[in-house]
Amino acid sequence: MNQKRDYYEVMGIGRNASDQEIKSAYRRLAMQHHPDRNPNNKEEAEEKFKEITEAYTVLADTQKRAAYDRYGHSAVSGGAGWAPDFSSSIFSDFEDIFGDLFGFGNVFGRTGRARSRAAGGIDLRYDLEISLEEAAAGMETKIKIPRWESCPTCEGTGAKKGSKPVHCPTCGGRGQLRHQQGFFTVTRTCPQCQGMGQVIRDLCSNCQGEGRVNAERVLGLKIPPGVDDGTRLRVAGEGGVAIRGSAPGDLYVILKVREHPYFDRRGNDLHCTVPLSISQASLGAEILVPTLRGQERLRIPEGTQSSSVFRLRALGMPILEGRGHGDLYVTVFVVTPTRLSREHRRWLEILAPFVRVDNKPLERRTAEKVKDIFG
1 MNQKRDYYEV MGIGRNASDQ EIKSAYRRLA MQHHPDRNPN NKEEAEEKFK EITEAYTVLA
61 DTQKRAAYDR YGHSAVSGGA GWAPDFSSSI FSDFEDIFGD LFGFGNVFGR TGRARSRAAG
121 GIDLRYDLEI SLEEAAAGME TKIKIPRWES CPTCEGTGAK KGSKPVHCPT CGGRGQLRHQ
181 QGFFTVTRTC PQCQGMGQVI RDLCSNCQGE GRVNAERVLG LKIPPGVDDG TRLRVAGEGG
241 VAIRGSAPGD LYVILKVREH PYFDRRGNDL HCTVPLSISQ ASLGAEILVP TLRGQERLRI
301 PEGTQSSSVF RLRALGMPIL EGRGHGDLYV TVFVVTPTRL SREHRRWLEI LAPFVRVDNK
361 PLERRTAEKV KDIFG
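Count the sequence shown with this note's numbering and you get residues 1 to 375, in order.
Derived from the structure by calculation, the hints contain no laboratory data.
The model shown is predicted, which means the values in this text are computed figures rather than measured ones.
Incorrect hints may have been included.
Stated by the list, open to error - List of simulated lysine-lysine pairs, DSS-like, C-alpha gap at most 30 Å:
hint, residue 1, residue 2
1, K222, K142
2, K142, K161
3, K222, K164
4, K64, K23
5, K50, K144
6, K164, K144
7, K222, K256
8, K4, K142
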């Protein structure tokens, strides 16, 4: 009896190899030693292929690998409760590897009923534009959605009323065809039923056998307060159906919030800019500023400078799916008059000696802030 080689030696890897390194080594060796790639030396290639697959089933399993590292081959022999396992449960771990290598799925031929290619429905997208006020308050609206719906005549079966689909004679209702590839079985989608497992002899006259028809549906939509530009709302089960037999997918509504003439939204906070006259900034004043709930009074203290920022608490956007609101930040700038009457000029000339300003250049950071505020 031949002595088994060390599994790490078989795989060509070190004992500290990671899971990804083990998988990569198996992928490389499977490509190299697969029997179909060695037609002139098929028996030897098959033995080599079995050897590396046996090594992989042990090293790719955390428990088996730990036992093998400690006790060697005896740990994975029948005496220790493990034997080299080539069952479908083990081979299912290899499907991604062989799918990449040879371009087919379910390489090892696990049995089972056909899985419909149309098992999942069609997800739909709908873009909806709303105003900032609507985003803040929330709203209910109606939207019109074109979509595929289950055919009402055949109830989605695709078959003429009074008849039913029958098992596909080519695949026997499995939806797959199986054939031998070396020492294992390869399955492919049945070309006659396209994996459905059923064929229709008498087509529905309304949908021509598809089991679905084009329709337009009006849906009610509730938009919660606090949504933002790009918010995605999912409406479960309101998408389209695929070909016969599928459940509908979901509808995704993507919100576009229009730019507001006054407010700039930053998270849950709102920002706006308000002008002040020289006298309001110098003497102080009480002004009205806009909010999404109407106008609010804001007290301007005397001596207010351009670029001063005032915070109005809880007058921003509501917090989506939460409590409370963001804040409203009001930035003020002082407007210098460009056209003066003789009287205005005279009063300014009188005040000039009392409101002198040191014309020392601003530090760069301060200048950048002023530039940002005034464009």
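Cross-check of the supplied hints:
Of the supplied pair hints, the one linking K222 and K142 holds, its CA atoms being roughly 9 Å apart against a limit of 30 Å. A C-alpha spacing of about 34 Å is found between K142 and K161, which places the hinted pair above 30 Å, so the restraint is violated. Under the criterion of a C-alpha separation no larger than 30 Å, the hint pairing K222 with K164 is inconsistent with the structure, at around 40 Å. For the hint linking K64 to K23, the alpha-carbon distance of about 15 Å falls within 30 Å, and the restraint holds.
Distance check on the hinted pair: K50 and K144 sit about 59 Å apart at the alpha-carbon level, beyond 30 Å; violated. A C-alpha spacing of about 33 Å is found between K164 and K144, which places the hinted pair above 30 Å, so the restraint is violated. With a CA separation close to 15 Å, the supplied pair K222 and K256 stays within the 30 Å bound. With a C-alpha separation of about 71 Å, the suggested pairing of K4 with K142 is violated against the 30 Å cut-off.
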